[in-house]
Each structure stands twice: as structure tokens, then as C-alpha cells.
Amino acid sequence: MEAFIENQFVRFVLLISTAVFLAYRLLLVSKYLCKEYLKQKSMVDRINSYLPQTQCGRCGYKGCLPYARAISQGDMINKCPPGGISTILNLVELLNEPGLRLNPAHGVFQPPLTAVIREEECIGCTKCIQACPVDAILGAPKLMHTVITDECTGCDLCIEPCPVDCIDLVLLPTSSPRYWLNPIIQNSRFNTLETN
Amino acid sequence: MTSSPQSPPFQRTRRSTNNIMLQVVAGCIPGISIATWYFGYGVLLNVLLSIVFALCFEALAISLRSRHIQTTLADNSALVTAVLFGLTIPPGLPWWLLFLGIGFAILIAKHIYGGLGQNPFNPAMCGYLFLLLSFPSAMTSWHIPNDALSSVQEFAPTSLSGLQQSLHLTFPFLSHNTLNPIEFIDGLAMATPLIESKMAGTSKLLTAWQTDQSLFARSSETAWELVNIGYFLGGAFLLFQRVISWHIPVAIITTVMTISILFYSPGGYAIYGTPYLHLFGSATMIGAFFIATDPVSAATTNKGKLVYGVIIGLSIYGVRAWGSYLDSIAIAVLLGNFLAPLLDHFLRPRIYGHKKGVLGPSDMGGGSNKVIDS
Amino acid sequence: MIEILGVIITAALINNVILVNLLGVSTLFSSSNSLRSACELAVFSFIILFLSSFLNLIIYRFFLNPIGLSYLRLIAFVATSSTLTIIFYKFAKDYFPLTIRRHDLAFYLIGANSAVIGVSLLNTMSVRTIFQSLAYSFGSALGFAVVLIAFAALRLRLDAMDIPDVFRGPAIQLVSTGIVSMCFLGLAGIV
Amino acid sequence: MRFAEKIIESLCVSTRQPMPGGIKPPDYKQETLRSRLMPTPIPEELILPLAQHGNSRSRPLVKPGDKVLKYQAIACSDVTGIVDLHAPTSGIVLAIENFPIPSPVDKESKCILLKKDGLDAEIDHNTLANYRSLSYLELIKLIEQAGIFGLGGAEYPSRLKLKSGKNKKIKLLIINAVECEPYITADEALLREKAQFVVQGAEILQAACMAEHCVIVIESNKADAIKALEQTQLNSSIELFKIAAKYPTGSEKQLIQAVTSKEVPSGKYPTDIGILMHNAGTAYAVYQAVIEGKPCISRITTLAGGSLKTPKNFEALIGTPIDYLLNLCGLNQQTHTMTLMGGPLMGVKLARTDVPILKTTNCIIAASEDKFPPASIELACIRCGFCADVCPASLLPQQLYLYAKCQNFSELISHGLNDCIECGACAYVCPSNIPLIQYYRASKDELASQLENKISSEQWKQRFQHHQYRVKKDKEARRDSKRRETIKPTELTLKISPPIFSREAAKKEIAAAVVRVRKRKAQFIASSGGENTETDK
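Protein chains in written order, with my numbering: chain S, 2 to 197; chain H, 113 to 486; chain Y, 232 to 422; chain B, 2 to 538.
So the derived label-pair ranges between C-beta atoms look like this:
1) B:ALA514 x S:GLU121: 42 to 50 Å
2) Y:SER301 x S:ARG26: 33 to 41 Å
3) H:TRP358 x Y:ALA343: 43 to 51 Å
4) S:ASP76 x B:SER503: 52 to 60 Å
5) S:ARG26 x B:ILE456: 35 to 43 Å
6) S:VAL171 x B:SER134: 53 to 61 Å
7) B:GLU123 x S:LEU139: 49 to 57 Å
8) B:LYS228 x H:TYR388: 51 to 59 Å
9) S:PRO99 x Y:ILE233: 46 to 54 Å
10) S:CYS126 x B:VAL80: 38 to 46 Å
11) Y:ILE233 x B:ASP273: 52 to 60 Å
Computed list of lysine-lysine pairs in DSSO-like fashion (alpha-carbon distance at most 27 Å, straight line):
12) H:LYS467 x B:LYS170
13) B:LYS473 x S:LYS143
14) B:LYS350 x B:LYS445
15) B:LYS522 x B:LYS462
Hints listed in this document are in silico derivations from the structure and should not be mistaken for laboratory results. The beta-carbon is built from N, C-alpha and C at its ideal position, and this holds for glycine as well.
Next up, chain S with everything else stripped away, as it sits in the complex (with noise of 0.2 Å):
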């Protein structure tokens, strides 16, 4: 056996052997830890899910899908003021982006909002049901609108076109107020993100 392994050539051949199967377990093993997430979704349906999905609009493209093909493509990510600090960071952390902070040009970060019609004023003219990009507003023409609370996302599109303006945007009561915060909050990529 000793003299076996002297010779130069074996060990070769052994150091190589083991080399290679040492790498094709890694790769192996990381395959089967890839297999869940190979049924991900696409590139465009990973923007989109980190897009809160208010179809607001306000990142001037009409919904949030057409939004994330577009930021597939290249467009800017602090586009979208119903997503806040998280959307960003999120696409930061996918797209490998230099993070900027959310462009005022496109609106502020507000708390979830939901749209109210004022029963009284409303003309039941149908122009906010046309406009409501999720149908979350009931009604039939000359007939009462109103606006189903759970499925409006607050994305303020109905305004707009109301002629008697009846509808305004009220905050979503939350179920139960969150008084427990974090005493200090660390983190660093909220301070790495330039502003635009």
C-alpha cells in the first residue's frame, strides 16, 4: 500500500477524483435546495409582488403590473409612495440596485386609506365605477353608489372624476393598534439610501 501511494501518478489521480466529486456533491446539494424555488415565479412576477398592488397609478403607469414589467426593463424602483421604505428596500435587495429614496415627484407615504362616498351628494353618474381599478365601487346608474371598504385600496382614482365630488379618503381603522415599537431602530440600509 505504501508503495502504491508514492507513486506520483496515484495521487494524482486520487487528489483529482476527489476534488471533482467533492464539487459535484456541493453542486448537487444546492440544486435540491434550489428545487422550491425553481417553481418561482418570474423576474417581473417577483417585482410584482413586492408592489403593494394598489393599482393607484401614481407611478404613472396604469396598475401595478405594468409597473413592474417596467422596472424589469430598467425603469426607476422609488416610483411607487403607496409602498414606502419596504417596496425599495426589497427591490434593492432583489435587483441589486443603488437605493434611492421614494421621489416626491410621485406623492408621500400614507398609512392605508380607504375611499367613503358621501351617500347624500352622490348623482349616481357611474364615472368612478369606469374609474375604480379594482371594482370596489357598487352601484347602477341614477342609483346609490357606495364603496365596499375590504376590497378599495385606496388608490384615490375615483376622486377625480366624481362631478359632485362626494367621494374622500378616510384612514383604514386597523383592528388593533400596535403600541409595542422598537426601542432603536439599526438598520443600516435605511441610511444608505441617497436621496434622489
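With chain S held as given, fit chains H, Y and B onto it using these hints.
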């Protein structure tokens, strides 16, 4: 940000970070006293000087970060760093070297990362390594007042003239005569006590005991073993006080012992001395009990601590036996600190109700994103 | 067998590619702070570094040097390592889908970064036998990967530290690299 | 029946302690145990909150101005219609409005205000001699009508626990008389004086959930409660099981691990591994409900704390205002800094004290300066690992704190934040007095709200896609109808032969149209979905 109501629990134990750090310093006292007894005031002077410098640097850093000076100085972590730094560097160093080393330790190795509790590397060891690499000759020569070598007893290192000599060494501008201070003190021990001649022979303590010389006499050169026994006692005190957990020291000591047993060759090259000398011959005890167990930079999970200790033990022996630098504690501890986050991430205890510690691929969803990726 | 192990340890620890020879430091900062993508990048760079440095050595020792074209070695080295990267890039596409999508540039960079060419040049200059230099490139690739992974785990902790804003991001990583390379310098001289 | 032998064998070992970690705080239980159980004081006005457990509403059955008798049902849960609130005393319902309820912030919810008329007249209730005659379904019905909520602090309604026990095989019923938190002596006082009722209640519970074994678990340092239990235990089949006194063995998961050294799988309930746990107070309430026929209107509460002259245990009526009870025990206003509901380690610091007692209040602490110093400054975490040593769920609180501080949620989940039982042991031993529980609660809230956002955004996405599909379909329909008008009728007749109406042709026509529509829809979904699943560049 509206402040939250006070969260439970409303009662706490008395232990606070301040007195934990004080207990660590108290643990060092036996070691320091024996070292001063043998090597004169050099060690004590170093420690006091580095404490003063450390507190000034800490105050400077805190005021720069505009934090409340009083509270952050109160958690005397700078004190611990200064004491450990003062103990590891050889006595008789000029003061500006000490100033540089402790400055690097406190400012660069600790406050750049954000102050207490956030430095991934042990600041004392960073300072020591910084000096070791930039001033190798100064760092490896121990200036001991000359009589320790000569048999004449009338001039004891702890006497006033011993103090005067140490002061001259540390503050060269004090010696008004233009003599080079080195001639002024002709007694100059060679490299660190871990010199080959010491390691080859058997333990001086044993020989002194057999030839019934007094163990504590300076001539019987049992200095280094007693200093290490002092640190061992300090370490046992810390373990008893449960300031540190047993995992790191036990791992380091067992690794160093097993390897030195494996490589022990009585006749051969001296460095492969007996395991006893490897444990008590050089700075292993202070490394195992005080430096490696600095909780901030060490691993925190129990399994992680064991592997961390083994890595440090291995590299202590590696550097000491085959490395070019004689004192290996700093290098080994920093190597361990570098791997500590990795060990913490993978070696986790099994959580109640789960089969394994790590729950699912921790960042399958692409790292630290804010929203949980479905 | 012992001296082969010795060669591997010297290559991996004592003169580590990233921290002692300071080659390939750019890959340290290219992968994001998620440990998963750092591990994938480390595995990929382990394969590229190991195979390309060994192939380069064979090319240099048996083709370029005998016919006197040793001055062409730099171009040859870059050629082989880039082709290897492209071959393995496709291979990695379906094994590391997430990291590829996010840092495909980092994967390409490995092909041409200084670590690969540095190790190949060190191999050509060294007097080691073929077998020892194979062990040397295996060790340096291993050291490269381990440092990459350890650094990603360290970066996970750096996120939660109250680092002054001036030092956030790459600055603090450079400082940490400095301190760790200071420690690895201390390991120098063994063997 | 390996499981049963394990129980029997574990019963022989007197005290066992397999729970990792845990702390031994000083328990300050002596003062409240000096006196016997006080008779139930009846305050002038009783405030009875309607939303007793969680935020599920319950409907009042009475109107302001009605006269009610004691034990009369006054509210029932509008989800299941089962009565869950009974009048603690006879009197007049003054009002049903929003009153403050116990909470760390000023929170109000709908309560019934009942003014007592001093007669304490009871409604007729039928006692039952032998409960064995009833089947377990009737037993559960009787318990349900009594409105018994988990009196052990967890608000999980007992009847849900019993019902969940029906379909799963229950091997072991544990009566939890372990009170590991300092100051709380409610169960101990109950056991000292009414041990036989608690044992009978346990037997009823065992019959109700058909468990093979029943065990009463108590801490080994509660001597007189153990003595009382041992006397009553001579004739009953229920074993007594003593475990070492250590906080937090009293919590459900840790007690199961201490008794049977089995672990409840994460995310599941103890009934999934055949164990059901009830509090000693619940057993006593079950005894009163089934045998004496009295619904649950009162519970034993400890009044303790430095600024009370005579701390003692009350069998207090539900809805008694807390400051009324505090004054009964002689409250010293100067030293009274804060009021805690529950123990010092898991309790709630009340924002105001004129709030009522609920069915889950087992202790009120009127804290004074010496034992409850104000929260000191939070220093940096030095990762010393004391908290990891005491965590009963063997988590890593220092790593959870690290990732909670930088809001790295995937790491938090992977370090097991959802398995944290918030027992407070880690924050108790932290040398830098970091409010760890506050960090973990904030992160859990954040995770919960993120999950909420994810669900709602998923729903909006579907609605948006459907909206686009509907708009596209309308546009096409409108375009077809417009094209038909532009072609004048004459051209129509020239081009196509006059339509011969035949049934087969019509059927074929419809089938073709359906196929076309389905194809177009699939093609649209594919096209919009197509974008979704487009391979990237």
C-alpha cells in the same frame, strides 16, 4: 415615534454590565500582582498608563458620537480592554507606543463599529497585533530591572530604584542624561519568556521545589509559571462567578494539551516542550480565560464556543511551534473572532418543538429582505 | 502525504489569496449580504479558481515554456479562465438561479479577477512539482471560498451595528478586511 | 401503551426538571398566604366587559334599566350563541357603553354597568348529585353554559379545549397548579382550602374529555397545598405530581415537557400529542358549574405588592373595579408607583386602576419603589449569553435582538421568533437591562401586519387582473356591435346566404362560440399571464 408602554418583566437581577466588567478586572489582579512582584513596576505602569489613555480615547470617541459620556464611560469596558492590553504588551515600552496601540484598539477596533457590544474583533488584541506588526523588535524584548538576573539581592525590582528604572524606560525624556536608556539598564531579558531554553527544560517550579529553594525567590526563575497560575486562579474565579461560561477555556486548554502531547519530543527541538510548559510556560492562561472569552467578539452559542475554542487552541500551537511570531495568543484570538459569526450562524441549539436549530434555509428568500418572501 | 497537506494549509491559511496576497478583494464586496448568495458565489469561485489555476500551470509547463513562448502566459491564463467561467456559468445558471439573477456580474468577474491570474502566476514561478502545485491551487481556492463565506456571515452582523454613517457600507468592510489580514499576516512564516 | 408506562414511571420520580434554562426569582409569596381566603366583597357598581376573550364580540341579553338576579345570563357570544357572561350579583343594569378596560394603553370597549341592590337574590339553579350519570356531551354542555374561560391567564375558552379533545384521543389531562411566577398565590390559596372541590372538578373534566390519566401538577415547595391535596387524593384515581420550583415551568409547553418530557411540535396544540391542560381554577369553576349548578361569576385573585398594608387573596366577583379591591387591602398612596395585572414577569402595567377584573386576572400587584425600581437606561448588548442559558425554548435571544434591531425578518423567523413564549426570563437576567420582550413583540406585530398586507395585496392583484380582463372583453363586445351597424343590411344579404334556422347549426354555432371565448380567455390570461411567466432576458 411614540414611546411604547413599559414592557414586562418589571423586576430584574442585580447583575449589570458595569460590575461584570469590574469582575473581569478583579480576575486579573492575582496575575498582575505576581508579575509586578517578579518583573518590577513595568507591568503595573503599563496597565495604569493604558487605563488612562483608554479612558481619554473613549471619552473622545463618545463625544464625537455625541453620546451621553457619563453612562457610556460607566460601563467600564474600556477599562477591561486597557487592562488586557497593558498585560500582554511587554513592560519597558516607550509611552508613545502604548498610546498608539491603545488608540488603535479603542478608536479603530471598537468605536468604528459603534462602541460597546458591537466590535467583531477583540480590541485589545487588535492593538497588540497592530504594535507587533509595526514594531516587532520593541514588542519582543522584555526590559527587566537588571538585578533579576544577577544573584545580588540588595537591589530588588520592586524597590524605589526599580520603579525609577521602569519610569526611565517608559518616559525616555525623564532621564536627563543623554545616555541611551538601554545602557543605563544593562539587564535586558531576551525575547519573551517563551524562549526556547525555558521550554526545553522541565518546570522551574518543580526544580525549585525539589532543591527546596523558596518558590517565590526571584532567583529561582519560577516567575512565568506563577504568573500563569495567578491567571488560572483569576479565571477560576470568573467561572465560579459565572461571568464566563466554561466552553471556551476548556476547549482551548484541552486542544493545546492534546496537541502538545502529540508533538512532545523530549530530546528534540525545544519548542515541543511538555504540555505543562505549553499551558503554564507562556500566555495561554490569560488567553484562554480573559482574552478569548471576551463575550462581544467570541461566538455566543454553546456549540459555537467549543469549535471557537478548538480553532484558537490549534492556531495557538500552530503559530507557537512553526510561526515566526512567538506570542500567538493575539493571532489565534483574532482568527477565532473572524470565524465566530459563521459558527454562530450554523451551530445553533435545537429549538423546542423543532427537529433542528436552523429553521429552513435562513435566507432562501434572498437575504435580509423586509417582506417575508412567500 | 503530510507535505501535501502542509502545502494545502500554507495555501489556504498562511498565504491566503484574499487576505495575505490581497488578490481578488473585489469579490468580497460584490455579493449581497445574504449568506446564501455568498455561499453560492464561494462554491462557484472555488471551482473556477481551482481548475483554471491548475490548467494554466499545465499549459505553461508543457506548452508555453518548452517552446519558449512563456511571455504569452498572461494572455493564455486570461483565455483559459474566461472560457472556464463561461462553461461553468451555464452550469451554475440552473444551480444558483437566485444569485445568478441578482449578481451575474459577480460571477463573470470571478473569471477575470486577480485571484485567478495571481494564483496561476504564483504557480508558474514556484518550483513545486505538478502534484504539489495542484495541492497549492486547491488550498488557495479553498482559502478563497472560506474567507468569502466567513465575510458574508460577518456582514450579516455589520448590518445591526450602530456604525457612523461615514463608515457604513464598503468602508467598514475594508476596515474589517484590514484587521483580519493583519491577523493572517501573523500566521506568516509557518512552513 | 408505552405512553402510559412512561407516565406511571415518571410519577414515581418525585421531582423532575428536564426543562432547559429557567430562572429562580425570589417569590415573595409569604405575605399573601398568611391570611385565609377572604369572603367575596360586592362593590357598588360592577363593570362587565363584553369582549372577554380576544376581540370576538358578544351580544348583551339585557337592556339598560333591567333588574337582574345573581347567576342570570346577561350576554352570549354572537358567534356561537353560547352564554358567556352571568350577573355576579342581583341589581339593575345602569348602562351598556364604552368603559375603560385593563390594558397598558388607554383602551375602551363596550361593557355592562351593573348597580347592586344589596339583596344578592339568586336565580334558581339545580344542583346535581352524581355527575357520572351524564354522558360526556351533556357534561361539556353544562360546562359551556357556565361560561368558563381558561382561568389560568391564557384566554383560551375551556369549552373549545374540551371540544377539541373530542375528536383527538386524549391520553393525559394535566391540572396545572404550578404557580411559578412570584407574588401569585391564587391557586395555592384555592388548593389549601378547597382541595377536594378541585379534585372533583378534575374528575369531571377527565370524564368530559375521556382522558385515560389525570395528573395534578404542583411545585414541590408549596407544602400546605400538597398536604391538603394528599388528604383528598386517597379515594380518587388522580395522581399528584410534584416538580421543582423554577420559572417558567408553569407555562403550558414547558409543563408538558417537565411532566412527560415530550415536546409540543411547533405551531401545533398539546391536544395533537394527546395531552390536555387545564388550570386548577378552571377545575374548581367546573365543579361549581356541574355539581352546584352555579355559573362562573367570580375568581380567586391575589392582591399583593409593597404598597398594600395587608396583602391577601380574594374570591373576587368578575367586574369588581381594581381600586375598590386595593382600598380594601389598605393601599398606601405615597409608595404606590404602578399597578400590575398578572405577575411581575408576564404581567401588564395598567394605565389606570378604575378598570374591572376579568376572568383571567389571577393577581394584582400594587408595586412600590423598593421591589419595582423604575426602568433604567438600556445599555448595549455585550452578547454575554446569560439570556441564552435561561431561555426555556432554547432560543438565542441575543441573536433575535440583533436581527430585531436591524429588522431582518427572514433571519428572525429562521432563529425561531414564533417559538418565543415571551416568558421574560431573558430580559430578567440581562445585565444591560434591554427590554427584549418589547423588541420581540414589536417584531411579531410587524410580521403580522406584513402578512396582512401580503394577503390584501394578493387579493387586490386578482381583482385588478379580473378588472382588466372584464374591460378588455367589454371593449371587444362594443367594437363587434359597432361593426355590425356600419355594414348596411343589403351587403349583408349578398355576402352570406340567408340564415336557415336549424337546431344542429345553432348548437354547433354555440359550441364554436364557447370554444372561441375559452380560447380567447386562455390566450388573454396566457398573454397577461404570458408576461408573468415570460423567461427573463
